[in-house]
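The working numbering puts the first residue of the sequence shown at 278, with every later residue one more than the last.
Calculated directly from the structure, the hints in this document are not laboratory data. One should not assume that every hint holds.
[To be verified] Here are the simulated lysine to aspartate or glutamate pairs, EDC-like style, with alpha carbons at most 16 Å apart:
1. Lys-585 <-> Glu-613
2. Lys-585 <-> Asp-559
3. Lys-585 <-> Asp-607
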Amino acid sequence: GFGREPQEIARFGAALHEVERQQQEIFWKVSLFTPAIGILTQWNVVVLLGYGGWLVTQDRLPLGTGLVVFAGLLTQFATQVANLTNITNSVQQSLSGARRVFEILDTPIDIETPPQPVRLPRARGQLRLENVSFAYDAAGPAVLHEIQLTVEPGQCVALLGATGAGKSTLLSLISRFHDVTQGQVAVDGHDVRSLHLDDLRRNIGWVFQESFLFSNTIAANIAYGHPQASLAQIERAARLACAHDFIMETPDGYDTVLGEGGMNLSGGQRQRLAIARALLVDPAILLLDDPSAAIDPETEHEILIALKQAMRGRTTLIVAHRLSTLRHADLVLVLEQGRIVQRGTHAELREVSGPYRDMALAQAERLFL
278 GFGREPQEIA RFGAALHEVE RQQQEIFWKV SLFTPAIGIL TQWNVVVLLG
328 YGGWLVTQDR LPLGTGLVVF AGLLTQFATQ VANLTNITNS VQQSLSGARR
378 VFEILDTPID IETPPQPVRL PRARGQLRLE NVSFAYDAAG PAVLHEIQLT
428 VEPGQCVALL GATGAGKSTL LSLISRFHDV TQGQVAVDGH DVRSLHLDDL
478 RRNIGWVFQE SFLFSNTIAA NIAYGHPQAS LAQIERAARL ACAHDFIMET
528 PDGYDTVLGE GGMNLSGGQR QRLAIARALL VDPAILLLDD PSAAIDPETE
578 HEILIALKQA MRGRTTLIVA HRLSTLRHAD LVLVLEQGRI VQRGTHAELR
628 EVSGPYRDMA LAQAERLFL
């Protein structure tokens with residue numbers, strides 16, 4: 278996401294090349310000593326029989342206990358020397374792992390910018406899915422079946438369905454993480470396959486169910502998709518995401534360094550930083566993959582406030598399962614086994630028999646338990 282694939286691939290590739298170079302250097306240096314270590318180990322016997330025997334003849338070492346102790350010391354020494362050879366095996370295993378990683382990096386990329394792409398610096402945000410079907414494997418079952426959907430700029434569409442219904446897959450097709458098997462996904466009337474990938478993904482902001490934060494400053498994490506952003510721009514995005522207040526309570530504010538994955542923040546705080554990250558790139562389209570699923574009701578209220586700010590004036594598709602989110606959508610789609618089985622507003626769907634009404638009643642009952 279955020280159009281950062283080339284930079285991340287280059288950074289990761291450079292790190293792997295450096296690791297491989299250092300491991301090869303260690304391997305060759307250790308290999309020079311391996312024969313010497315083997316010979317040195319065998320010299321224990323020579324030393325034991327030669328030097329030990331000479332000490333016995335000179336009455337400087339008792340034949341019984343003295344020679345046994347001497348032999349034991351030599352054995353311990355030989356064991357430690359022999360352990361050095363294990364380094365070679367470890368290095369070889371590491372090199373094998375590095376080769377496998379490079380094989381993955383060298384895998385041909387299926388999703389690429391076309392030779393003569395349509396440029397779209399700033400999208401209006403209209404989305405259209407025409408008869409879209411998709412399967413991860415050409416020989417496997419379809420995950421989505423004949424999806425028809427039009428979303429006008431600024432509208433909010435909520436996706437509801439059980440695990441495996443195809444909600445996240447539908448979002449991934451809009452960003453062109455995969456290409457449709459059948460049909461067309463269009464942004465502002467342009468098939469996403471005709472657009473430059475950088476333009477497409479810069480116009481889309483993603484917030485995942487579990488958003489990853491890097492071991493870096495809060496400001497750098499928010500600015501991930503827009504590294505040139507000023508502190509004023511970063512702070513504005515944080516305010517829109519209702520994150521500014523808790524950021525200022527951290528030891529160094531926006532310069533506070535986070536633990537890996539944001540481990541020193543709560544789930545709600547991590548999600549608000551993820552929302553701020555998406556808002557900083559000012560996307561025309563916002564894709565929210567169940568951002569409030571793994572948080573408690575109190576934190577959910579804070580996230581909902583941030584989401585309302587984020588969705589204002591943007592085309593939004595949100596995967597959601599809670600009425601508190603669904604009731605604010607302009608359109609709700611209920612998916613079952615990759616098909617749209619219900620569509621309408623919250624008010625319309627709760628009045629008709631079907632999966633949406635069943636879900637709404639179940640949540641209402643839990644509130645009174």
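Here is how each hint holds up against the structure:
Distance hint between Lys-585 and Glu-613 is unfulfilled; the C-alpha atoms sit about 27 Å from each other, more than 16 Å. A threshold of 16 Å between alpha carbons decides the hint, and for Lys-585 with Asp-559 the separation of about 15 Å falls inside it, so the pair holds. Note on Lys-585 and Asp-607: the hinted pairing holds, with a Cα-Cα distance of about 13 Å set against a maximum of 16 Å.
Consistency with the previously given hints fails for number 1 only.
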